[in-house]
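Please build the complex by placing chain F on the supplied structure of chain X, with the hints as guidance.
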Amino acid sequence: GENVEQHPSTLSVQEGDSAVIKCTYSDSASNYFPWYKQELGKGPQLIIDIRSNVGEKKDQRIAVTLNKTAKHFSLHITETQPEDSAVYFCAATTYNNNDMRFGAGTRLTVKP
Amino acid sequence: KAGVTQTPRYLIKTRGQQVTLSCSPISGHRSVSWYQQTPGQGLQFLFEYFSETQRNKGNFPGRFSGRQFSNSRSEMNVSTLELGDSALYLCASRGDLYYNEQFFGPGTRLTVL
Numbered sequence: 079g080e081n082v083e084q085h086p087s088t089l090s091v092q093e094g095d096s097a098v099i100k101c102t103y104s105d106s107a108s109n110y111f112p113w114y115k116q117e118l119g120k121g122p123q124l125i126i127d128i129r130s131n132v133g134e135k136k137d138q139r140i141a142v143t144l145n146k147t148a149k150h151f152s153l154h155i156t157e158t159q160p161e162d163s164a165v166y167f168c169a170a171t172t173y174n175n176n177d178m179r180f181g182a183g184t185r186l187t188v189k190p
Numbered sequence: 033k034a035g036v037t038q039t040p041r042y043l044i045k046t047r048g049q050q051v052t053l054s055c056s057p058i059s060g061h062r063s064v065s066w067y068q069q070t071p072g073q074g075l076q077f078l079f080e081y082f083s084e085t086q087r088n089k090g091n092f093p094g095r096f097s098g099r100q101f102s103n104s105r106s107e108m109n110v111s112t113l114e115l116g117d118s119a120l121y122l123c124a125s126r127g128d129l130y131y132n133e134q135f136f137g138p139g140t141r142l143t144v145l
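Here the protein sequences come in this chain order: X and F. Under the numbering used here, the first residue of the first sequence carries the number 79, and numbering increases by one thereafter. Under the numbering used here, the first residue of the second sequence carries the number 33, and numbering increases by one thereafter.
Be careful, since some hints might not be right.
[Stated by the list, open to error] Pair ranges (Cβ atoms, derived):
| id | chain 1 | residue 1 | chain 2 | residue 2 | range |
| --- | --- | --- | --- | --- | --- |
| 1 | F | Lys89 | X | Glu93 | 38 to 48 angstroms |
| 2 | F | Ile44 | X | Asp95 | 36 to 46 angstroms |
| 3 | X | Thr88 | F | Glu84 | 11 to 21 angstroms |
Keep in mind the hints are simulated off the structure, nothing from the lab. We treat Cβ as the ideally placed atom computed from N, Cα and C, and that holds for glycine.
The shape of chain F in the complex, shown without the other chains:
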C-alpha cells in the first residue's frame, strides 16, 4: 500500500504571495491532518479534515486554510505569505476517527523570501 504523498516537495515563494500544498492520504484513509514543523516551534497542529469537513483547528491565523475532496485528498493554502511561514509542512492520514494511528508524509519544505 502506498504511503502518504505530498506535492510539491520543495517550494520557494516571496512575501505576500500565496501557496497551495497537496496531500494524498493512504488509500482508504479518510482523515487528513496538517502540521507545521519549525526549529523554533517544533511540530504544531494546523487542522484536521474528515469527510470533507474540518474537525479540529490549531492556533493559526486565518491565512492558513485547507479543504478536503471527496476522494480524501487534501490541500492546504497559505495566503499573504510571511517570512515566518517558512517551515516543513507535514500531512498525516489515519483510517478513521476512532483510529488514532496516523502516518506522515515526507512533507513540503516551504521557503519564503
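Extracted from the complex, chain X is given alone in its bound form:
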C-alpha cells in the first residue's frame, strides 16, 4: 500500500520568511495530493491540492509542486504570518479512491 513520509516534523521560521515542507510517496498509482492545515482543537482544513497531470499549483501565498518521477511533492508558504502556525499534513491517494494516506505532520511555528 501507499506510504507517505513527511519532513521536517517541526519547522520554526520568522514572520515574513518562507516555509517549505516536503513529502515523498511510494505508490506510483497515486495521483491526487492534498495538503491540510490543522489548528488546535479543529479538524484538518484543505488548503491546496494537486493532481498528477500538473507540476505546480499556486494560490496566493501557498504553492505546491509535484515531481512524479521522483515521487515527491512540496508545500511552499511565502511571506509567513503568525496565523500560519499550525500542523500541516500532506496526503496521497488515487483519484476517485479515498484510501488516503497521510504524512506524519509538520508543526510550523511562525515567530512574530
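Same frame as chain X, now just chain F:
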C-alpha cells in the same frame, strides 16, 4: 453551507464498553469517510461509505464498524473498547466518488479509561 458536524465532541468511556459516534456531512455530499488520529500513529483511514455502502476499509480490527443512512449521515461504532482506542475520530465528506476534495469535521475526542 454548513460544514461537517460531529457529535458528541467529547466522550469518556471505560474499557470493554462500546461507543457510537455520529457524523453529518455537508449538505449534498454523498461520501463519508472516518479517520482515527493519535499522536503515535497520526491520521489513519478507517473506512468510507457512499450510498449506504462501505467502499473502502483501512487496516483496523472488526471492532470498528460503521454505517451510512439514506440521508448520508453516518455513524461509527467501536465495540469492546481498549485503552489504545483513545483518539480523535474525524469524519470527512466529499461530494461524489470522482470528487477528491474532502472536508473534515471538528472530530470527536474519545478517551478510554
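Verification of the hints:
1. Lys89/F with Glu93/X: 38 to 48 angstroms: 43 angstroms, holds
2. Ile44/F with Asp95/X: 36 to 46 angstroms: 42 angstroms, holds
3. Thr88/X with Glu84/F: 11 to 21 angstroms: 42 angstroms, violated
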